[in-house]
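**Student:** Sequence order for the protein chains is H and B.
Residue numbering for the first sequence follows the working numbering, starting at 257 and increasing by one per position.
Residue numbering for the second sequence follows the working numbering, starting at 257 and increasing by one per position.
Careful: at least some of the hints might be erroneous.
Note that identical chains are pooled: a pair holds if it fits in a single copy or bridges any two copies.
[Stated by the list, open to error] Think about it this way: if two alpha-carbon atoms lie no more than 25 Å apart in a straight line, the pair counts; the simulated DMTMM-like pairs of lysine to aspartate or glutamate are:
{"id": "1", "residue 1": "Lys338", "residue 2": "Glu303"}
{"id": "2", "residue 1": "Lys434", "residue 2": "Glu513"}
{"id": "3", "residue 1": "Lys298", "residue 2": "Asp311"}
{"id": "4", "residue 1": "Lys298", "residue 2": "Glu315"}
{"id": "5", "residue 1": "Lys607", "residue 2": "Asp272"}
{"id": "6", "residue 1": "Lys585", "residue 2": "Glu416"}
Just so you know, these hints were derived from the structure itself, not from any lab.
2 protein chains.
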Amino acid sequence: MAEKLGIGLMSGTSCDGIDAALVRFSKNGTELLAHRFTPFPKKLMEEVVSASGPDGRSELICELNVKIGKLFGKTAVEICSKRRVSISKISFIGSHGQTIRHHPTGKNRSTLQIGEPAEIAALTGCTVVSDFRPADIAVGGQGAPLAPIAHYDLFSSGSEARIVHNLGGISNITFLKKGGKLKDVTGFDTGPANSLLDIAVRKFTDGVKSYDKGGKLSLKGEVNKSMLTYCLSHPFLNKKPPKSTGLEVFGVDYFDELYAKFKRLSEPDFLRTVAAFTAFSSVGQAFRFLDIVPPVRWIISGGGAYNTAVVLGIQNALGERGSVVSSSKLGIDKKAVEAVLMAILANRTLKGEPGNIPLVTGAKRAVVLGKITRL
Amino acid sequence: MAEKLGIGLMSGTSCDGIDAALVRFSKNGTELLAHRFTPFPKKLMEEVVSASGPDGRSELICELNVKIGKLFGKTAVEICSKRRVSISKISFIGSHGQTIRHHPTGKNRSTLQIGEPAEIAALTGCTVVSDFRPADIAVGGQGAPLAPIAHYDLFSSGSEARIVHNLGGISNITFLKKGGKLKDVTGFDTGPANSLLDIAVRKFTDGVKSYDKGGKLSLKGEVNKSMLTYCLSHPFLNKKPPKSTGLEVFGVDYFDELYAKFKRLSEPDFLRTVAAFTAFSSVGQAFRFLDIVPPVRWIISGGGAYNTAVVLGIQNALGERGSVVSSSKLGIDKKAVEAVLMAILANRTLKGEPGNIPLVTGAKRAVVLGKITRL
């Protein structure tokens, strides 16, 4: 296999900015060469949050599609210049875009990501593969999670069972059996990760902080059992996989519900309990729905992997059944995993290889994902 | 050149339904084999109109993207079964999608079309090329009009100068010099065609009629000079090309303005004057902005070409300078031209050929348009 360079671009449901990963594909496998995070300017973040609500306006969506596309393109240019790689050496860019709506089930299954790939292509001169989710939706799937196939590429092991746990706005896990093949890979969304925590922090700090850095605020509190029990009774947790979710379920509305019921708690206790909710719901569902024979290596990535309250919660929930390790320890910076996935998915698309796993998304068949833009 | 079959799918700013064209590309040129119009169900039409307003909701846009994609796919399947061509013989589908917003100028130039290509691909098994406008926007163009390059393919002539006039929701003209080459092609949007007429008819008939079939209602009236003069003073008509426009300029708001000012007119006089506005604005701008040496053959297509009041108006405005002929007389059914264009653009994209004309759209350079979806 000839060596190829690709860039993955991801902007998650936290609406905080763009992760870019510069990735080398070669016979030695998939290597992360550089990672870069470009925060959304405050006004843009507010616009994205506004557009993502059910009442988001068409006018704003049309404009943001171009604005976000330009910012994605700019980020791709910057990661190259930072690593002193000429952008002309980049074979392709994989772009997730920004999710505006995601309705994985029901009679109007649909998903909407924006971030115009033609803008990325115009700024970079690269072939762009974008918008991976709608193809899975079109063949009966939920359009998510898409991470497992790439988690398999990056983290599968012949010597131990592994869970790869991505803690973005939403939390998803992938199960990689010891010595398993692609056909053995399973995974699903487990519920909220940073989405609820970020909303709570913004509320408690009057918008001064947008997230709980390192979990410092949460660590001042203690888990409230009554609230945790209430959270863990959420019906999504009982749904059998395949399943996926989004801010429609674990966003502002759910926060408001929790806050109305538990505002008597101190703010640190509230936050610590939300962190515990992410941890216990993920570990609980893993052992309930997946055929895991402990011990398992529990690999964490995403912004939530920096939140010590969440990480302690996961280790606590796991107990003797497994040990937590950051993806960074395995060679892929924990903030970069999602962006690397986008490069891996784009590479598959350009080779004509499917990118979804029917067992994971519920799709009727495996299909090539995404749209190819080449100006 | 090996023979290839393609399908073009178009749904215009009139929001009335989908035109499909089955097209053969061979060394004999581009031939229309079949045309089919699938009206939008009434509820879908209402949803499209609602989503297209500046306050169109993200939730609805997300759902409609899938619904419209499915209907586009179904239409492609139907045109094949009608013509008894196996869909497996179709090399590609070109899909315009449904325009939701179009902002060709200003600091937030952007355009938004929906109609998920992955849904079309899933239903047909075909390679789909979609969403042609954003690439032109990304290189500084207005994303419209895109018709001229295809008008050139279909209608250029060594023996006479030709205008190709598409009367969709919006009106656009292409100028084909006698014996001219692709580099000589020019064209622009001239203003409203059916958009204003349809809004007026819906209002005057309390929604019983959605358009003025054959121009019958308009033909009962006479042109009101004062209103026509007012219409012809619209600033868009004085803008130099390249230029494009949409329902943001010539939709409900402009109708309301006209109606407030001229509601004293009888309804037929009002309609006849709107028809004359389309005719006189198009011919007037053609001779003002294009280097036409009369006589010119004025080829009309689109739904408005069925409106006798509009057609008489064009011939009247042209006078001795030219003669009007339907595209149907030249081998391409006048209702099918826009759909044929989509097949032509898709074919260019798959060959890696540019689809925009910088002189026409204002783009800095010619680029390959669209996104390729192949499940």
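**Student:** Taking the hints in turn, state whether each one holds.
**Tutor:** Hints versus structure:
| no. | hint | verdict |
| --- | --- | --- |
| 1 | Lys338 / Glu303 | neither (28 Å within a copy, 46 Å between copies) |
| 2 | Lys434 / Glu513 | neither (40 Å within a copy, 70 Å between copies) |
| 3 | Lys298 / Asp311 | both (20 Å within a copy, 23 Å between copies) |
| 4 | Lys298 / Glu315 | both (19 Å within a copy, 24 Å between copies) |
| 5 | Lys607 / Asp272 | neither (32 Å within a copy, 39 Å between copies) |
| 6 | Lys585 / Glu416 | within (16 Å within a copy, 72 Å between copies) |
Of the numbered hints given earlier, the model fails hints 1, 2 and 5; all others are met.
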